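Each chain, written out:
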Amino acid sequence: MHTVLIIDDSDINLTLIKALVLKLGECNPVLFENPLKALDWCRENVPDLVIVDYMMPDMDGLRFISAFRALHGRDEVPILMVTANDQKDVRYEALLGGANDFLTKPIDRVEFGARARNMLSLRTGQKFLADRAQHLAALVDEQTREIRDREKELIFRMSRAAEFRDPETGAHIQRMAYYSQAIAKGLDLDESVQKLILEAAPMHDVGKIGIPDYILLKPGKLTPEEFEVMKGHARLGHELLNNSGSEILRAGAQIAISHHEKYDGSGYPRGLKGNDIPLFGRIVAVADVFDALTSERPYKKAWSLEDAVHFLEEGRGKHFDPLCVEAFLATWDIVLDIRQRFQDEDAPML
Amino acid sequence: MTAAFKLDKAVILERLGGDEEIYTMMVDMFLQDVENNCAALAASLAAGAMPDLQREVHTVKGLLATFSDDAGAEEAQVVEHKVKLGQTANLAEEIATLQARLREVAGVLGAR
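Read top to bottom, the protein sequences are chains V and Z.
All you need for this note's numbering is the position in the first sequence, starting with 1, plus 40.
All you need for this note's numbering is the position in the second sequence, starting with 1, plus 178.
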């Protein structure tokens with residue numbers, strides 16, 4: 041059913057046009073003698089066709105068209121303007137102002153029917169295209185979401201693969217990722233950035249895949265040579281993830297290569313100092329160390345929270361970015377909640 | 179002097195797609211409104227409100243054309259143009275002529 045808005049200050053014209061609109065079939069005419077009231081109606085309703093007279097009190101047809109077109113979402117609605125044959129200048133102005141076609145007075149049914157149907161066909165086409173575009177956009181959204189979910193799952197599983205070769209647990213990945221997000225929140229970073237670090241942080245140690253078992257799984261202390269090999273996991277992780285088309289993987293690459301850097305420049309692999317260390321690396325360094333300290337491992341007992349906090353505080357400006365430590369401690373309630381949610385026995389998906 | 183109005187129902191009906199119902203409805207409305215139209219012309223003229231008068235004359239032109247009164251519509255168009263240009267000489271007489279034409283058309287339509 042098409043809604044056809046008819047505006048004419050003459051009763052007789054309104055009645056005639058209404059009768060002709062009804063003869064078109066599948067049309068619901070809405071009538072106004074006053075163009076200002078018609079414009080008010082148009083603020084809440086979108087007609088499929090507007091038929092408007094030119095010469096009316098309060099507001100002429102040209103001004104009505106201009107005001108109507110200025111309303112949001114009304115720029116494509118077809119408009120037929122009713123004019124007399126001698127009003128060529130008005131017709132030019134109306135065309136420039138947004139009218140699509142004209143009806144000549146006295147109105148002829150055949151001419152009216154042809155022009156009105158053309159305009160309604162145009163409207164039907166517009167709506168079809170809009171619906172189709174909306175449908176396609178929804179499809180793209182859905183498929184993008186599926187791809188993104190798959191990407192997140194692959195990242196988690198890839199991170200787990202690295203952790204399987206390591207005494208670390210799946211819950212460690214979860215906790216340090218959420219701690220990283222909490223620090224990003226404490227630093228007042230944008231929500232999209234908080235989400236990005238949550239999704240990328242699990243890949244911090246993915247380079248351990250390339251470290252030989254005799255070093256990675258060695259129960260005792262590593263020799264200096266072995267430790268040098270072990271340090272290579274930062275670069276390996278970066279090589280594995282860098283230059284990806286995925287923003288998450290690129291962020292993961294940056295974290296992999298920078299999360300063992302230390303604020304005073306004594307870290308590895310590049311010995312970067314202060315703010316030369318990428319922010320994500322500085323954040324993950326705090327999250328990763330805190331969780332490692334407070335988790336039990338086959339070779340060590342878990343530190344108490346107080347001792348771990350003391351370690352972070354002592355490491356401010358040396359090992360850690362002071363602002364990241366401050367942000368971490370400022371979100372302490374969130375930290376405790378994360379510890380509660382992700383215990384070492386289970387490791388739900390991010 | 180404009181020729182007397184002669185009703186050509188066939189031409190009007192042809193324009194209306196042969197729809198007698200719409201035709202009858204329009205005639206009834208014209209007859210109901212004709213005195214209001216004459217009064218509106220007089221009021222605008224008396225007030226010297228030229229834009230209003232131009233619009234009222236324009237409406238009359240459309241009404242006469244609707245009933246295929248080509249001569250009357252042409253006369254109205256001449257008056258509309260003069261009003262638009264602000265030419266007021268003989269305007270009162272011309273408006274009176276238009277009022278008379280409206281009543282003449284109404285008389286013919288009412289006698290059908």
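If you're looking for bench data, these hints aren't it; they were derived computationally from the structure.
A quick note: this is a predicted structure, and the numbers were derived from the prediction, not measured.
Hints may be right or wrong, so weigh each one.
[Stated by the list, open to error] In silico SDA-like pairs for lysine to any residue, Cα to Cα no more than 20 Å straight-line:
(1) 262/Z x 97/V
(2) 262/Z x 129/V
(3) 63/V x 202/Z
(4) 128/V x 255/Z
(5) 63/V x 193/Z
(6) 260/Z x 123/V
(7) 58/V x 256/Z
(8) 63/V x 195/Z
(9) 58/V x 224/Z
(10) 260/Z x 157/V
(11) 58/V x 255/Z
(12) 58/V x 211/Z
(13) 128/V x 195/Z
(14) 58/V x 262/Z
(15) 63/V x 191/Z
(16) 260/Z x 127/V
(17) 58/V x 260/Z
(18) 128/V x 180/Z
(19) 63/V x 260/Z
(20) 128/V x 191/Z
(21) 63/V x 127/V
(22) 192/V x 166/V
(23) 187/Z x 123/V
(24) 187/Z x 97/V
(25) 58/V x 198/Z
(26) 63/V x 201/Z
Tested hints:
{"no.": "1", "hint": "262/Z x 97/V", "result": "15 Å, holds"}
{"no.": "2", "hint": "262/Z x 129/V", "result": "14 Å, holds"}
{"no.": "3", "hint": "63/V x 202/Z", "result": "16 Å, holds"}
{"no.": "4", "hint": "128/V x 255/Z", "result": "14 Å, holds"}
{"no.": "5", "hint": "63/V x 193/Z", "result": "14 Å, holds"}
{"no.": "6", "hint": "260/Z x 123/V", "result": "19 Å, holds"}
{"no.": "7", "hint": "58/V x 256/Z", "result": "30 Å, violated"}
{"no.": "8", "hint": "63/V x 195/Z", "result": "10 Å, holds"}
{"no.": "9", "hint": "58/V x 224/Z", "result": "34 Å, violated"}
{"no.": "10", "hint": "260/Z x 157/V", "result": "37 Å, violated"}
{"no.": "11", "hint": "58/V x 255/Z", "result": "26 Å, violated"}
{"no.": "12", "hint": "58/V x 211/Z", "result": "18 Å, holds"}
{"no.": "13", "hint": "128/V x 195/Z", "result": "26 Å, violated"}
{"no.": "14", "hint": "58/V x 262/Z", "result": "30 Å, violated"}
{"no.": "15", "hint": "63/V x 191/Z", "result": "15 Å, holds"}
{"no.": "16", "hint": "260/Z x 127/V", "result": "15 Å, holds"}
{"no.": "17", "hint": "58/V x 260/Z", "result": "32 Å, violated"}
{"no.": "18", "hint": "128/V x 180/Z", "result": "26 Å, violated"}
{"no.": "19", "hint": "63/V x 260/Z", "result": "38 Å, violated"}
{"no.": "20", "hint": "128/V x 191/Z", "result": "27 Å, violated"}
{"no.": "21", "hint": "63/V x 127/V", "result": "28 Å, violated"}
{"no.": "22", "hint": "192/V x 166/V", "result": "38 Å, violated"}
{"no.": "23", "hint": "187/Z x 123/V", "result": "23 Å, violated"}
{"no.": "24", "hint": "187/Z x 97/V", "result": "31 Å, violated"}
{"no.": "25", "hint": "58/V x 198/Z", "result": "15 Å, holds"}
{"no.": "26", "hint": "63/V x 201/Z", "result": "14 Å, holds"}
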